[in-house]
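The listed protein sequences derive, respectively, from chains A and B. Note that our numbering has the first sequence beginning at 1, numbered continuously upward. Note that our numbering has the second sequence beginning at 1001, numbered continuously upward.
One or more of the hints may lead you astray.
Here are the in silico distance ranges between beta carbons for each label pair [stated by the list, open to error]:
id, chain 1, residue 1, chain 2, residue 2, range
1, A, Gly-116, B, Trp-1406, 31 to 41 Å
2, B, Asn-1221, A, Thr-46, 45 to 55 Å
3, A, Thr-46, B, Pro-1365, 17 to 27 Å
Result set (EDC-like, lysine to aspartate or glutamate): computed pairs, CA atoms no more than 20 Å apart in a straight line [as the list claims (entries may be wrong)]:
id, chain 1, residue 1, chain 2, residue 2
4, A, Lys-101, B, Glu-1068
5, A, Lys-160, A, Glu-99
6, A, Lys-74, B, Asp-1176
7, A, Lys-74, B, Glu-1188
8, B, Lys-1142, B, Glu-1093
9, B, Lys-1402, B, Asp-1384
10, B, Lys-1355, A, Glu-31
11, A, Lys-110, B, Asp-1176
12, B, Lys-1167, B, Glu-1150
13, A, Lys-54, B, Glu-1068
14, A, Lys-74, B, Asp-1038
15, A, Lys-7, A, Glu-23
16, A, Lys-7, B, Glu-1188
17, B, Lys-1003, B, Glu-1058
18, A, Lys-7, B, Asp-1034
19, B, Lys-1355, A, Glu-99
20, A, Lys-74, B, Asp-1448
21, B, Lys-1167, B, Glu-1186
22, B, Lys-1355, A, Glu-64
23, B, Lys-1402, B, Glu-1457
24, A, Lys-110, B, Glu-1188
25, B, Lys-1141, B, Asp-1176
26, A, Lys-74, B, Glu-1177
27, B, Lys-1187, A, Glu-129
28, A, Lys-7, B, Glu-1184
29, B, Lys-1167, A, Glu-129
30, B, Lys-1147, B, Glu-1188
Hints are computed from structural coordinates only; laboratory data are not their basis. Even for Gly, the Cβ is constructed at its ideal location relative to N, Cα and C.
Residues per chain are reported as follows:
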Amino acid sequence: MFQGFFKAEAAEPVEVRLSRIGENRYQVQLEERTQEVEILPFQKKTFLLRQGEKTIPFSCAKLENSVWVWLNGKTYVFEILESGSQNRKKPEVFSGIVELKAAMPGRIQKIFVKSGDKVSGNQPIFLLESMKMEITVSAPAACYVKEILCRAEEQVEMGKILARLEASDEPSVS
Amino acid sequence: MVKKVLIANRGEIALRIAKTLQKMGIQVAAVYSDSDRDSPHLLYAEEAHALSGAFPAETYLNAEKILEIARTCRADAIHPGYGFLSESASFAEDCAGAGIVFVGPSSSVLRKVGDKLQAKQVAQEAGIPVVPSWPVQGGAKKSDLRKAAEDLGYPLLLKAVAGGGGKGIRLVREPDELERVFEEAEKEARHAFGDSRIFLEKHLPRSRHIEVQIFGDPYGNVVHLFERECSLQRRHQKIIEETPSTVLSFQQRKLIGEAAVRIAKAVEYYNAGTVEFLLDSSGSFYFLEVNPRLQVEHPVTEMTLRQDLVRAQIQVASGETLPFYQATLKPEGHALECRIYAEDPQRNFLPCAGKIACYSPPSGPEIRVDSGIQEGMTISPHYDPLLAKLIVWGRSRMDSIKTMSWALKNFVILGVATNLEFLQALISHPKFLSGEIHTEFLQEHGADLSRREPVPETALMAAAFAAAAARTPPKPEETGEKKPENAAVEAASPDSDPWAVLSGWRAF
């Protein structure tokens, strides 16, 4: 019924498989361990997870490519990754093209580089103004700026691709 | 009594004011910007008027637009809330000119206390010590600036004369930084407040921020409603407020209250206001500034005194005398407030925008939630990231902390990152529990508060379930009883609630 990799912030991706085996009964496989649990609807967006003797209420919501969960006083955000072993590596160096996206809506206040520039890891690429704060968007690692996809003073939405960065030794001819 | 009040504000304060007005049987006119179309405060107004635009300058700060709406809908009063136009002397004047009551002090009082240097002068004349400062005169030489800074001592603060709400404050640690930070401060002040004047102020290390709620009427009566301690701040923005302060004796509370009343009387203050003081590490207090409006943290005062300050504001604005006597104001118990912000403590408190997919606040006796959000609405980047205020009352400070801890744990907000867990860690910190708080608390103990715990497998199971449920939409040809997983799908989908959509006018 569901199989995928969940990645919580600053944690390693975990493979999870869930399938329904009866009314409110599910088989869950986390990494190597498999167990059976009951999940009952309780209130809107809130459910009861019964694991052995314990009953644990949780609330959840799925938003685009992430799942939010509240459970036992803590909130978790999981990114759903496509299954594949490459998700297991923490990328410190990347190969190919990486898209730099706006983490939140705002206004492009400054663009510090131009296409073709070579930048180092953490070098500021954009200054974004949002919620009365100035946020610096930096290069994740040493790379080349392949193209800038926004203008100064432009209002951008969350998730908009602001630039494409390329991690080859030589900038590609574009 | 006024008959119709226009609330020139948004979010949680607009909702909170509307509730009191409706309880009093007064008509409510609300305003909203484009991004606030889904704001719950519109549900508590008889009329909602659009302020087209999204940026504050074209909406909630647009005095002309707001006055025009007030005139058209025949509101006889405007409540400015906090922030926005609440401290604008010219707006208060324009209201008076239009025959509309401005719920707050007069424009001349606003002008006097709005100038932080003038306010200090008033305090000094009233015999109250002030935080030492040095006004930078126009045309002051660099050498004068450097000497004044040396006399005050480093580190020191650069503050905007026309500033407020914790904005326009910069710390200068060493003499080398002075000129550069001064230039930045001037630029920021001109941009934010339209007035580039700066003054130097001594920085009192590990001080405690203690403020006194005052209330006056136009007949010269002024009372104080005791103090609030707001020492837990980050970048001059308050996070947790409480009353009573753990550090003041009964005698000190009385003295600080009386000092605040003296200052208020000296400027002929009326309506609600707050006089802010700093208590240094030796226990001496110094006047800081006057905030001539209702403050964000006013609920903690309401909880211990069982009063409705907005109600009192409306009564006084309608020409009545003060509804309280100093002798009968007796606070009971302890109240705590936590400000819930849309920010990510794991990423240096980066403000977050997004859609509220699930919202479920805690409730119970002794718990109050003043919220500006509802499920289905989008948090916009244009405004302050305050989502809600969580206020609790307890018979003792420890009781209120226990209730607050429970309430924070049971506050569900999904869709934007919040500081809920950070607040949980903060109120369980041993130094918070012992009351050893001060304005540099977060700098000192910040590291203790951001520990990450491993993700429990139950959370992963819940996430898999949510992902699975969202992937199986109900088949249209299915009739009769719904399968349990389809009921779960509807429950898990954020757009399934038709009541989440608001339209403009609501006639009652």
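Verification of the supplied hints:
Judged by the Cβ atoms, the range 31 to 41 Å given for Gly-116 of chain A and Trp-1406 of chain B is violated: they are separated by roughly 57 Å. Remark: the range hint 45 to 55 Å for Asn-1221 of chain B to Thr-46 of chain A is upheld by a beta-carbon distance near 50 Å. A hinted range of 17 to 27 Å holds for the C-beta pair Thr-46 of chain A and Pro-1365 of chain B, which are about 22 Å apart. Using a Cα cut-off of 20 Å, the hinted pair Lys-101 of chain A and Glu-1068 of chain B is violated, with the two alpha carbons roughly 41 Å apart.
Between Lys-160 of chain A and Glu-99 of chain A the alpha-carbon distance is near 9 Å, which keeps this suggested pair within the 20 Å criterion. With a CA separation close to 44 Å, the supplied pair Lys-74 of chain A and Asp-1176 of chain B exceeds the 20 Å bound. Distance restraint check for Lys-74 of chain A and Glu-1188 of chain B: the Cα-Cα separation of roughly 38 Å exceeds the 20 Å cut-off, and the hinted pair is therefore not satisfied. Between the alpha carbons of Lys-1142 of chain B and Glu-1093 of chain B the distance comes to roughly 38 Å, so the proposed pair goes past 20 Å and is violated.
At most 20 Å may separate the alpha-carbon atoms for a hinted pair to count; Lys-1402 of chain B and Asp-1384 of chain B exceed this at roughly 28 Å. As the CA atoms of Lys-1355 of chain B and Glu-31 of chain A are separated by approximately 31 Å, the hinted pair breaks the 20 Å bound. Distance hint between Lys-110 of chain A and Asp-1176 of chain B is unfulfilled; the C-alpha atoms sit about 27 Å from each other, more than 20 Å. For the hint pairing Lys-1167 of chain B with Glu-1150 of chain B, the CA-to-CA distance comes to about 24 Å; that exceeds 20 Å, so the pair is violated.
Of the supplied pair hints, the one linking Lys-54 of chain A and Glu-1068 of chain B is violated, its CA atoms being roughly 60 Å apart against a limit of 20 Å. The straight-line distance between the Cα atoms of Lys-74 of chain A and Asp-1038 of chain B is roughly 27 Å, outside the 20 Å bound, and the hint therefore fails. For the suggested pair Lys-7 of chain A and Glu-23 of chain A, the alpha carbons sit about 28 Å apart, so the restraint of at most 20 Å is broken. Pair hint Lys-7 of chain A plus Glu-1188 of chain B does not hold up; C-alpha atoms about 40 Å apart against a cutoff of 20 Å.
Our distance criterion of 20 Å between C-alpha atoms is broken by Lys-1003 of chain B and Glu-1058 of chain B, whose separation comes to about 27 Å. Among the hinted pairs, Lys-7 of chain A with Asp-1034 of chain B is inconsistent with the structure: their alpha-carbon atoms are about 35 Å apart, more than 20 Å. At most 20 Å may separate the alpha-carbon atoms for a hinted pair to count; Lys-1355 of chain B and Glu-99 of chain A exceed this at roughly 23 Å. Between Lys-74 of chain A and Asp-1448 of chain B the CA atoms are separated by roughly 17 Å; this keeps the pair inside 20 Å, and the hint holds.
Note on Lys-1167 of chain B and Glu-1186 of chain B: the hinted pairing holds, with a Cα-Cα distance of about 13 Å set against a maximum of 20 Å. Proposed proximity of Lys-1355 of chain B and Glu-64 of chain A is supported: the alpha carbons are some 11 Å apart, at most 20 Å. A distance of roughly 27 Å separates the Cα atoms of Lys-1402 of chain B and Glu-1457 of chain B; the hinted pair therefore is violated under the 20 Å criterion. Between Lys-110 of chain A and Glu-1188 of chain B the alpha-carbon distance is near 17 Å, which keeps this suggested pair within the 20 Å criterion.
With a CA separation close to 16 Å, the supplied pair Lys-1141 of chain B and Asp-1176 of chain B stays within the 20 Å bound. Proposed proximity of Lys-74 of chain A and Glu-1177 of chain B is contradicted: the alpha carbons are some 42 Å apart, above 20 Å. Note on Lys-1187 of chain B and Glu-129 of chain A: the hinted pairing holds, with a Cα-Cα distance of about 17 Å set against a maximum of 20 Å. Taken as a hint, the Lys-7 of chain A and Glu-1184 of chain B pair is broken in the structure, with Cα atoms around 41 Å apart against an allowance of 20 Å.
For the given pair, Lys-1167 of chain B sits about 17 Å from Glu-129 of chain A by alpha-carbon distance, which is consistent with the 20 Å threshold. A threshold of 20 Å between alpha carbons decides the hint, and for Lys-1147 of chain B with Glu-1188 of chain B the separation of about 23 Å lies outside it, so the pair is violated.
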